[in-house]
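Peer 1: Taken in order, these protein sequences are the chains called Z and H. According to our numbering, the residues represented by the first sequence are 1 to 243, in order. According to our numbering, the residues represented by the second sequence are 1 to 217, in order.
Hints are not guaranteed to be accurate.
[Said to hold, decoys possible] Have a look at the derived ranges for each label pair, beta carbon to beta carbon:
hint, chain 1, residue 1, chain 2, residue 2, range
1, Z, 179, H, 76, 53 to 63 Å
2, H, 93, Z, 238, 41 to 51 Å
3, Z, 113, H, 57, 23 to 33 Å
[To be verified] With the Cβ distance kept under 7 Å, some of the chain Z side facing chain H (calculated, not the full set):
hint, residue
4, 49
5, 109
6, 113
7, 133
8, 140
9, 149
Note that these hints are calculated values from the structure, not bench results. Every residue, glycine too, gets a C-beta built ideally from N, C-alpha and C.
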Amino acid sequence: MTRDSYVFVGFLALFALVNTILVANGALSLDWDGLGVIVAAGCTLALYSFLYKDNPLFKFAEHVYVGVAAAYVFGITWYNSLYGEIIVSYFDIGEKGANGGGHNPWVLLFPTLLGLLMLTRFSRKFSWLSRISFAFVVGVGAGLTIPRYLSSFLLGQLEPSLAPLTLSWAGLNLFLVLVGVITVLIYFFFSVEHTGVVGHASRLGIWFLMVSFGASFGYTIMARLSLLIGRISFLMDDWLHLM
Amino acid sequence: MLFLTRTLPFLFCFVFGMTGWVIYYVPHEWAQTVEREIALWLRLVYAFAYFLGLFSLLSLHWSKIRQRQAGWAYSLIVYISFGVMTLFVVYNDGHGPFAAQATTGPYQWMFTSVHVASSATMFSMLAFFISSAAYRTFRARTPEAAILLVSAIIVMLGRVPIGAYISDIIPDTMQWLMSVPNMAAKRGILLGVSLGAIATSLRIIFGIERSYLGGGD
């Protein structure tokens with residue numbers, strides 16, 4: 001046996017021993033709730049074992065997660081859309097789904113047909129039919145994008161950037177935002193050579209971008225750290241009852 | 001045949017693209033109903049599209065099992081965990097698949113114990129990788145790199161109590177960084193992205209961009 005095999009077996013034995021002690025002293029109940037905590041702790045530790053290196057324990061937990069996640073999405077898709085919207089509308093069975101159901105079956109005929117056409121991708125002979133469904137999805141997506149991006153992002157972002165300036169701290173900040181927006185746009189404008197005044201403006205734009213990237217980076221780190229704290233707190237409190 | 005394979009999909013794209021676009025500006029109840037219906041249709045087509053992804057995932061793992069490729073046992077685990085969770089989906093805490101989704105039972109148990117725990121762990125692991133990447137790459141060699149480094153440190157310190165403990169200026173500076181220079185850069189990027197998205201959407205609707213149809217006839 002290799003060193004890793006000893007680590008693997010040792011970890012499993014230790015995990016089993018810890019859980020036996022926890023159940024024996026009543027810290028964990030011997031029911032579905034207690035078993036849920038043990039399974040969640042096992043998944044957490046198995047996935048964290050990747051920090052040591054890629055190992056069978058991590059791969060096992062990773063593949064369990066993939067299978068469960070795929071079936072979880074199946075549950076959501078079935079109860080919210082396929083059953084909750086389509087089947088309930090066609091057949092008078094069961095209860096209404098999360099989205100209400102009860103639509104006019106004739107109106108739902110078209111999207112149902114489009115959905116079924118999408119499944120023709122499985123056939124080599126009829127896969128061209130799925131293009132109609134993809135064209136619908138892409139077309140509607142493109143159509144909905146234009147007005148929403150125009151109003152929310154383009155005009156919605158331009159309006160506060162061009163707000164009237166005042167002789168105050170707020171006015172100075174508004175001016176800095178305006179300078180930042182213009183210089184960042186200049187940096188991304190490649191039709192003019194970035195030399196002279198344009199070059200200086202472009203360089204200032206890079207500085208604004210660097211501040212933004214740094215801020216986004218710091219924000220992401222802190223968000224991930226809060227998740228890490230959550231998992232450690234789960235292991236220490238809910239599982240081991242040490243806190 | 002060319003009409004069915006190329007022209008008909010393009011017509012679909014044009015008609016529904018224009019409808020989705022124009023209907024936004026029509027302040028009539030009828031237009032809002034059409035918009036709601038189209039959103040519902042889109043949701044339903046997405047639901048069918050899920051099965052494409054599922055088929056792709058399962059066929060990939062099935063080929064690994066069939067050919068006994070390295071690590072095929074892990075592919076078997078995907079099938080077992082998918083099968084068990086699907087059974088719980090169908091069981092629906094005793095109500096069966098033709099009822100509203102139950103909020104209790106083995107499906108929820110698996111969701112909380114495996115899915116939620118694994119998701120949170122996977123995302124939290126990024127904290128380690130981002131930190132180690134930052135340690136290796138964050139060197140204040142140029143003014144730009146120094147700005148990025150200082151900005152990241154201020155935001156990180158400003159988000160936790162120790163930042164305010166060191167100095168009251170840190171949380172205030174973080175707030176200013178987020179709402180002024182960060183906002184300015186984000187706006188600049190958003191304006192560019194919006195123009196790009198609108199231009200691409202127009203190209204798709206008017207049939208200039210047809211790569212979504214794939215190759216061949």
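Peer 1: Does each hint fit the structure? Answer for all of them.
Peer 2: Here is what the structure says about each hint:
1. Checking the proposed 53 to 63 Å range against residue 179 of chain Z and residue 76 of chain H shows it holds: the Cβ atoms sit about 59 Å from each other.
2. In this structure, residue 93 of chain H and residue 238 of chain Z break the distance hint of 41 to 51 Å, their C-beta atoms being roughly 23 Å apart.
3. Residue 113 of chain Z and residue 57 of chain H have their C-beta atoms about 25 Å apart, which keeps the hinted 23 to 33 Å range intact.
4. About 10 Å separates the beta-carbon of residue 49 of chain Z from the nearest beta-carbon of chain H, more than 7 Å, and the hint is not met.
5. Hint status for residue 109 of chain Z: violated, given a least beta-carbon distance of 11 Å to chain H, over 7 Å.
6. For residue 113 of chain Z, the interface hint is violated, the least distance from its beta-carbon to any beta-carbon of chain H being 10 Å, above 7 Å.
7. Here the hint on residue 133 of chain Z is kept, as its CB sits about 6 Å from the closest CB of chain H, short of 7 Å.
8. Checking residue 140 of chain Z against chain H by beta carbon gives a least distance of about 5 Å; that is within 7 Å, so the hint holds.
9. About 4 Å separates the beta-carbon of residue 149 of chain Z from the nearest beta-carbon of chain H, less than 7 Å, and the hint is met.
Comparing the model with each earlier hint shows violations of hints 2, 4, 5 and 6; every other hint is respected.
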